[in-house]
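S.K.: Chain by chain, the residues run as shown.
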Amino acid sequence: MAARKDGCKVVNIAFIGIGAMGTPMALTLARTGNAVFTYDRNPQRLANVEIHAETTTCSDLATAVSETQLAITMTPNDDALLETVHAVVNAPRRTVKIFVDTSSTSLDATREADSVLRAAGITFLDAAVYGLGVQGAKDRCSPIVISGPREAYDEIARTIAPLGTVDYVGELGRAKIIKILNNQLVGAFCVAAAEIVSIGVAGGIPLPKIIESLTAGSGSSFILEKYYPSYLRSGSFGLGLIPITYMIKDLRLACELAQEVHSSAALTELSRQIYQAAECELGDVPFPEVYLFYNKLNGIEREAVTA
Amino acid sequence: MTGPEEEYVEVGFIGLGAMGMPMARNLAERLRTRPRVYDKNPQALQAAAGWAQVCHSPRDVATPGGVVISMLPADAHVNEVALGTDGLAASPVAPFTYADFSTISPETIKRVAGELEKRGVSTIGGAATLGVAAAEKGALAVYVDGDEHVVNLNKPTFSAFAKSIFYIGQIGQAKLIKLMNNYLVALNVALTAEALDIGSKSGIDLKTIVELLQKGSANSYALANHFGKAFLADDIGPGKFGTDYMVKDLNILIDYCRSAHAPLMMGATAVSLYRGASASGYGKHYYPVILKWLQEKTGAKS
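Each protein sequence line maps, in turn, to chains A and B. Quick note, the first sequence lines up with residues 1 to 307 if you use the numbering used here. Quick note, the second sequence lines up with residues 1 to 302 if you use the numbering used here.
For the record, the hints were derived by calculation from the structure and aren't laboratory data. All C-beta atoms, glycine included, are put in the ideal place defined by N, C-alpha and C. Among the clues, some could well be false.
To be verified - Derived lysine-lysine pairs resembling BS3-like cross-links, with alpha carbons at most 27 Å apart:
1) B/K248 - A/K209
2) B/K40 - A/K209
3) B/K155 - A/K209
4) B/K207 - A/K209
5) A/K226 - B/K207
6) B/K137 - A/K209
7) A/K226 - B/K110
Said to hold, decoys possible - Covered stretches of chain A (in silico footprint by chain B; criterion: 3 or more residues with CB under 8 Å from a CB of chain B, positions within the stretch not fixed):
8) 83–97
9) 188–201
Please build the complete structure, drawing on both the sequences and the hints.
M.R.: In structure tokens:
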């Protein structure tokens with residue numbers, strides 16, 4: 001094994017899920033001195049030029065997890081995570097000792113993954129990337145939280161540090177909770193912004209003036225400062241924003257958590273229903289387009305934006 | 001910054017409350033003038049006597065060709081100051097300019113502007129955001145509307161209390177922008193309170209959640225300031241912008257939306273939450289107290 005610049009041994013990592021987020025994350029790990037073994041259910045993704053050149057692509061999962069002590073997943077949903085967990089556990093000659101899930105999955109899936117992996121002698125850590133999207137992952141500045149057994153985290157902390165700003169948040173499940181709260185706020189803020197911005201436009205104030213004025217005030221937020229200027233420039237609220245049905249799923253996770261811990265969450269419940277109504281009207285568009293739903297209610301034609 | 005050759009119009013100020021007092025004092029200091037001031041409360045007038053010329057009615061504040069600025073609690077006060085028996089409409093010195101920065105309904109300022117116009121008074125509808133701390137520093141963000149030429153003439157004066165001035169458009173629209181801003185901060189605070197209640201009941205320390213969420217796409221002015229600063233420091237008692245004021249502002253917007261035929265589903269739910277907090281004894285408290293109310297109402301574990 002070659003020595004890394006910082007004196008650590010080269011770490012072999014299985015990276016499972018080479019999608020929009022997984023690709024830059026796997027590349028960052030490969031470019032910071034690790035031997036990365038990549039796998040994806042969709043073999044076409046492994047044909048990505050950089051992934052092909054800089055990682056060891058594996059045609060089956062069992063191969064990837066028989067070479068490595070650390071497995072990292074970035075999967076689209078609960079089912080994909082649990083399918084991967086079972087495949088890892090059942091892989092002959094598996095060498096994986098620590099399994100880190102960075103996907104947007106539910107607390108229930110996190111708990112199930114933990115119990116399955118634990119029974120097989122593998123330590124599970126749950127992690128979440130909760131902002132800045134694909135560009136943040138490329139720029140290695142994603143905000144990341146991770147939770148689970150501290151000793152396991154300490155073992156991998158230096159390896160995963162290049163992925164972004166990583167915070168350890170305690171017992172298993174907390175990273176997913178932070179991600180749920182983040183998405184809850186992003187989703188609900190977007191409904192609130194849509195409701196009020198549309199009223200301003202209906203009141204005859206041009207959209208650029210509304211955004212310029214409101215971002216200078218105490219009502220400002222990340223979504224107002226990033227999504228709306230992007231919409232004004234290009235007609236799109238941003239790249240890689242999840243569709244409404246995914247946001248409804250995220251808000252459902254928040255509402256279920258509220259149920260579990262006895263919190264009322266009235267506005268969060270309402271925002272979820274407004275997305276449902278918007279989906280009926282608009283279809284499965286990117287979630288900030290709930291703004292266009294309000295514009296329809298208020299009888300506003302779609303703005304001519306400079307595309 | 002304005003050059004030495006620039007001349008300021010003579011300035012008066014009505015409404016020396018938490019916001020108005022520092023605004024008037026900044027006018028005095030930065031324009032090196034003694035503004036004519038009026039307030040119903042004699043103690044407020046006395047407090048300003050050292051640097052201002054005290055007047056005994058709104059109409060006495062006006063000077064020929066000057067500007068009268070007001071910062072008042074509600075629509076009724078603006079009506080009285082502008083159109084009451086001793087109001088600006090009764091002043092014999094027109095033409096002059098009236099610029100009101102109170103958070104009131106767009107309809108009220110439109111009506112006031114219409115009445116005053118008949119008496120030769122030009123009206124600028126205004127609004128200020130960022131709160132008392134920014135007012136003290138002369139660093140408010142203000143929205144203004146009305147005749148753009150009149151607004152431009154008065155910008156150097158407004159700069160004494162505002163670091164940024166946004167011209168919005170027709171009379172009434174600056175008030176609407178302000179109501180929109182207050183709606184957003186009310187919703188951002190209430191929604192953040194919901195998320196923080198869920199998170200803290202899930203066993204994560206409140207301060208940790210607030211710090212972590214600021215790094216991601218859920219960040220907002222409310223998360224960083226109302227919670228990161230005020231709530232975590234337990235600085236949510238009376239003396240700042242109270243829950244009842246937020247209820248008032250949201251109700252103005254709900255009224256506006258009724259006449260505009262626009263739905264305000266999130267806003268109406270938020271007002272009902274703030275009203276609940278007020279009914280539980282938090283009406284005078286700083287409105288991020290809504291998190292404390294949620295925690296108490298639903299039995300916080302912490």
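S.K.: State for each hint whether it applies.
M.R.: Hints and how they fare:
1. B/K248 - A/K209: OK: B/K248 and A/K209 at ~25 Å, within 27 Å.
2. B/K40 - A/K209: 36 Å, violated
3. B/K155 - A/K209: 18 Å, holds
4. B/K207 - A/K209: Distance ~35 Å between B/K207 and A/K209 Cα, so the pair is violated.
5. A/K226 - B/K207: Status holds; Cα separation ~25 Å.
6. B/K137 - A/K209: 25 Å, holds
7. A/K226 - B/K110: Distance of about 33 Å is beyond 27 Å: violated.
8. 83–97: Violated: only 0 residues of the segment 83–97 of chain A have a Cβ under 8 Å from chain B.
9. 188–201: Our answer is that it holds, as 11 residues pass the Cβ test (under 8 Å) against chain B, meeting three.
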